[in-house]
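Participant: Residues per chain, in single letters:
There are 2 protein chains.
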Amino acid sequence: MIIQHYKIVEEIIPEEQGIKDVKMRRVIAEKEGAKNFVMRIFEVAPGGYTPLHKHDWEHEVFVLSGSGIAANTSAQREIKSGDVIFVPGGEEHQFRNSGDGNLEFICLIPMKK
Amino acid sequence: MIIQHYKIVEEIIPEEQGIKDVKMRRVIAEKEGAKNFVMRIFEVAPGGYTPLHKHDWEHEVFVLSGSGIAANTSAQREIKSGDVIFVPGGEEHQFRNSGDGNLEFICLIPMKK
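Top line first, the protein sequences correspond to chains A and B. Quick note: the first sequence uses the numbering used here, first residue 25, plus one each step. Quick note: the second sequence uses the numbering used here, first residue 25, plus one each step.
FYI, nobody ran anything at the bench for these hints, they're computed from the structure. Careful: at least some of the hints might be erroneous.
Identical chains blur together in the list; that is why a pair holds if it fits in one copy or across any two.
[Stated by the list, open to error] Below are the EDC-like pairs computed for lysine to aspartate or glutamate, each with C-alpha atoms no more than 20 angstroms apart in a straight line:
#  : residue 1 : residue 2
1  : K31       : D80
2  : K55       : E115
3  : K78       : E56
4  : K59       : E40
5  : K59       : E116
6  : K31       : E102
7  : K59       : E115
8  : K78       : E40
9  : K44       : E54
10 : K136      : E102
11 : K104      : E128
12 : K47       : E34
13 : K137      : E115
14 : K44       : D124
15 : K47       : E115
16 : K78       : E39
Looking at chain A on its own, in the form it has when it is part of the complex:
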């Protein structure tokens, strides 16, 4: 069994087009022995956002703290601490921080994409 506080895991700054002020930690991944899915934790600074994009694989998300917007090109919905979000594969999505503090969320993806 591996137990560690998520803040101990190395922070990565994802470099993608259309991303702003986002940090990511891959807290349960290949290194820990994960075989089927990967747990990442994202921290989006106030005013920051993940890219508006889509891909074949799904996201399973839990909002840990802060508040923001889950958006696609046609709609925007508020998200807040305690919300769970399922983004099916192939669906456009973006997460934006619209609050004063950091927006933190867990986001899981399948390992075989």
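Could you slot chain B onto chain A? The hints should help.
Facilitator: For chain B alone, coordinates are given in the frame of chain A:
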């Protein structure tokens, strides 16, 4: 995209041998369209525990609130809010609430077990 607060999801009381004061919500599962892994949220009351058991599939866990013990037959380790836990398939495990408030954690499992 499905967005809902986790407290809105129906609470289940798992009935298993060796379990005490545990409630579970399957927050992202078949109904929501999950294909590869299932997100459940557990609430263990003070003094409660999950069964000491093992199975072929892994757990990916994030502790949301409270404090407790992650145990097997030979060892016990403290767990607290913000800890991430990986339990490989085949490894014995139990989660106990040793605190005064509820112990809440997210626990993901693969869909094909």
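Participant: Could you work out which earlier hints the structure fails to respect and list their numbers in ascending sequence?
Facilitator: 1, 4, 9, 10, 15
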